Amino acid sequence: GSFPFNSFLSGVLSCVGTAILAVCLRIQVNKENKEFKDLAPERAFADFVL
Numbered sequence: 016g017s018f019p020f021n022s023f024l025s026g027v028l029s030c031v032g033t034a035i036l037a038v039c040l041r042i043q044v045n046k047e048n049k050e051f052k053d054l055a056p057e058r059a060f061a062d063f064v065l
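Take the sequence shown: its letter number 14 is residue 29 in my numbering, and every next letter is one higher.
FYI, nobody ran anything at the bench for these hints, they're computed from the structure.
The model shown is predicted, which means the values in this text are computed figures rather than measured ones.
Even for Gly, the Cβ is constructed at its ideal location relative to N, Cα and C.
Hints may be right or wrong, so weigh each one.
Derived DEER-like restraints, expressed as beta-carbon distance ranges [to be verified]:
#1 Leu-54 with Leu-28: 21 to 29 Å
#2 Gly-26 with Glu-50: 29 to 37 Å
#3 Ser-29 with Phe-60: 14 to 22 Å
#4 Val-27 with Phe-63: 14 to 22 Å
#5 Asn-45 with Pro-19: 38 to 46 Å
#6 Lys-46 with Leu-24: 35 to 43 Å
#7 Val-31 with Glu-57: 41 to 49 Å
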């Protein structure tokens, strides 16, 4: 592809990836979610950062 298309594609994919990671963080930190009850919020934030 050409340069403008590649930069647009990488920008869109990085935004989508960041949104997915943010949703995963919110699911893990939510107190009402029983699936991640044994997971500490600090661990969820560390997974999000790394």
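Of all the hints given earlier, name the ones this structure violates by number, lowest first. Of the numbered hints given earlier, the structure breaks just one, which is hint 7.
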